[in-house]
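Number of protein chains: 2
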Amino acid sequence: MDTITTVAAMQAEADAARCDGRRLALIPTMGALHDGHLALVRHAREQVGPEGHVTVSIFVNPTQFGPGEDFDAYPRTLDADREALLASGAGVDAVFAPEAREMYPFGLPPLATVQVAEMGWYLCGASRPGHFDGVTSVVTRLYLACRPHLAVFGQKDAQQLAILRRMTRELGFGIEVVGHPIVREEDGLALSSRNRYLSPEERRQATVLSRALFAASHAAGQGERSADVLRSAMREQIALAPQARIDYAEIVDADTLLPADTLNPQGASGGRYLAAVAAFVGETRLIDNVTLRVGDSGRGD
Amino acid sequence: MDTITTVAAMQAEADAARCDGRRLALIPTMGALHDGHLALVRHAREQVGPEGHVTVSIFVNPTQFGPGEDFDAYPRTLDADREALLASGAGVDAVFAPEAREMYPFGLPPLATVQVAEMGWYLCGASRPGHFDGVTSVVTRLYLACRPHLAVFGQKDAQQLAILRRMTRELGFGIEVVGHPIVREEDGLALSSRNRYLSPEERRQATVLSRALFAASHAAGQGERSADVLRSAMREQIALAPQARIDYAEIVDADTLLPADTLNPQGASGGRYLAAVAAFVGETRLIDNVTLRVGDSGRGD
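In order, the protein sequence lines correspond to chains X and R. If you're matching positions, the first sequence starts at 2 in my numbering and goes up one per residue. If you're matching positions, the second sequence starts at 2 in my numbering and goes up one per residue.
In short, the hints are calculated from the structure, not lab data. Please note that the accuracy of each hint is not assured.
[Stated by the list, open to error] If you anchor each label on the Cβ, the simulated ranges turn out as follows:
| id | chain 1 | residue 1 | chain 2 | residue 2 | range |
| --- | --- | --- | --- | --- | --- |
| 1 | X | Leu87 | R | Gly296 | 27 to 33 Å |
| 2 | R | Ala9 | X | Asp262 | 35 to 41 Å |
| 3 | X | Gly271 | R | Ala10 | 27 to 33 Å |
Glycine included, every Cβ here is placed at the ideal spot set by N, Cα and C.
All chains should be modelled from the sequences, with the hints used to inform the complete structure.
Spelled out as C-alpha cells, the structure:
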C-alpha cells in the first residue's frame with residue numbers, strides 16, 4: 002500500500018494501472034476512518050475484483066468548510082487510518098494523501114470551481130452555503146488525480162451523492178458513481194467521523210435522528226403518502242431529545258432533491274424519495290437519511 | 002481520419018492511443034475552420050510528433066452564446082472543415098463532432114458548470130456575461146472526452162486562453178495548454194470565423210483593430226509606459242473607422258487580466274501585458290490583441 006502525495010505521481014500510477022487493463026476504484030474520504038468507510042473500501046474491492054486497483058484518498062478539504070465550522074478541529078489521523086486500511090482486508094493499493102498546496106496550487110480560495118446549480122442550495126446547502134461547491138470542486142480534483150473507473154461514496158451523505166452523480170454524468174467524466182448503504186451502530190446511529198465529538202449523554206440522545214427516519218419509513222410502509230405528515234412525524238421524534246436542535250427534517254425526491262408534496266410512484270425518481278434529517282446534538286451537527294420507495298414494492302428501506 | 006460523435010467512443014480511442022504510448026493533442030474548435038485553425042492543427046502535430054494522436058473537436062457550443070448573439074447564424078460547415086483538415090497535411094487522427102445532446106445529456110442549461118472567478122468578469126466577459134462559464138464548462142467536457150496530453154488554443158482569444166490556462170492548472174487536469182500566435186491577413190486583420198459576416202466596406206474598415214494594436218505596440222516599443230496613453234492611442238485609431246463601434250480598448254496584465262496603470266517589468270506577469278480590443282464593425286463583433294513585453298527585451302510583438 003503506497004502513500005502518494007502528489008497529483009503527478011498519482012496520475013502516473015493510475016495511468017500505468019489503466020494500461021495494464023486493471024479497473025480502478027476511488028474512495029474519496031477526509032480520513033478519520035470508521036467502519037462505514039471500510040465498508041466502502043471493501044465494496045470497491047468487490048467491484049473491481051482482485052486484479053483491480055483501489056485508491057483511498059484522504060484529504061480534509063478546506064473549501065467545503067464554512068466560517069465557524071470544524072475545519073481546524075476535524076480529526077487528522079493518517080497513521081491510524083493507514084493501519085485501519087491495512088487491517089481491513091480490502092487490499093488497498095494506494096492512499097492518496099496530498100497537502101492542500103498540491104490540491105490548490107494557486108492558494109485559497111481557488112478561482113476555478115465546479116458547481117452543480119440548485120441541487121446544492123437547499124437541505125444541507127441552506128445552512129452550509131458554498132459547502133457543495135467545495136465538495137464538487139475537490140472531487141473533480143480527486144477524479145483528475147486518481148483517474149478511476151468508479152468512485153464509491155456513502156449514502157449517508159445523500160445530498161452529496163446525488164450532486165456528485167449529476168456532476169459526474171453531466172460533465173462526462175466516464176466514471177461510475179457507486180453509492181453504498183449507510184452503516185449504523187446497533188442502536189441505529191449512522192457512523193460518522195463527527196460522532197467522536199459527542200459526550201456520552203449526547204451520544205445517547207443522538208439516536209433520535211435514526212428513530213425519526215425509521216418512524217417516517219414505517220409510516221410510509223403503512224401507506225402514508227403525505228410528505229407533511231411524514232415531516233411532522235420526524236420532528237416529533239427529534240423533539241424528544243432535549244439536547245437536539247433540528248436543522249431540517251425533509252422529504253425530497255431522491256434524484257432531484259426537490260421537496261415532495263405526496264409520495265407518488267410516478268414521481269421524478271420513479272417513486273424513490275429521501276427522508277433526510279440534520280440536527281445539532283449539543284454543538285455537533287449530524288445528518289442521516291433513509292430511502293422511501295413507493296410503487297412496485299411499496300416499502301421503505 | 003475518423004469522425005467520432007460520442008463521448009464514449011472518443012474516450013475509448015483516446016485511452017487506446019494513450020496505452021500505445023502515443024502523445025495526444027486536442028484542438029478545440031467551433032468549426033468554420035480557417036488558416037488560423039489549420040496553423041493550430043499543424044502546431045499540435047509538431048508538438049506530438051509523427052507518432053502522436055491529433056484530435057480536432059468541432060462543436061458549436063450553445064452555452065457560450067448569449068441571448069441575441071449569433072448562435073443560430075454561426076457557420077456550420079462540417080464537410081468543408083473535414084476537407085480542409087485532410088488537405089492541411091497535419092495528419093489529423095480524429096474529428097470529434099458531437100451533437101449537443103451528447104455534450105449536455107441532461108439538456109440545457111446544464112446544472113454542472115465549471116467557472117473561473119474574476120478573470121471572466123471583465124473585457125469580453127463584461128459585454129458577454131456567462132460567456133466564459135460556457136467556455137470553461139465545454140472545454141472541461143472536451144478534455145474529459147478526448148483525454149489529451151496537450152491542448153492548443155489560438156492567442157486571438159487571449160482572455161479565453163488565460164482563463165483556460167488557469168482552469169487547467171488549478172483543477173489539475175494534467176494537460177499542457179499551448180497558445181499559438183495570431184494568424185493575420187496581409188493587411189493585419191486577425192483571422193476569425195466571423196470575418197465572413199463582414200460586407201466589403203466593413204471588411205476594409207475592420208483593419209482599424211489591428212492598426213490600433215500595432216500603434217500601442219509601437220508606442221510601448223518607443224518607451225511609453227502609461228497604460229492610459231496607450232488606451233487613448235488605440236481609441237483614436239478605431240475612431241477613424243465610421244462603421245466601428247468600440248466595446249473596449251484595454252491594457253491588462255497578461256496572466257491575471259487585471260487593468261494596468263503602468264507597464265512595469267516587475268509586474269505580476271513579469272512585464273508581459275496585453276493590448277486588447279473589441280469592436281463592432283457593422284453588426285459583427287471582432288476582437289484582437291497583441292502582447293507587450295517590457296523589461297528584458299523591451300519590445301512588443
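Quick rundown of the hints versus the structure:
1. Leu87(X) with Gly296(R): 27 to 33 Å: violated, 54 Å
2. Ala9(R) with Asp262(X): 35 to 41 Å: holds, 38 Å
3. Gly271(X) with Ala10(R): 27 to 33 Å: Since the Cβ atoms of Gly271(X) and Ala10(R) sit about 29 Å apart, the hinted range of 27 to 33 Å holds.
Violated hints amount to a single one, hint 1; each of the other numbered hints is respected by the structure.
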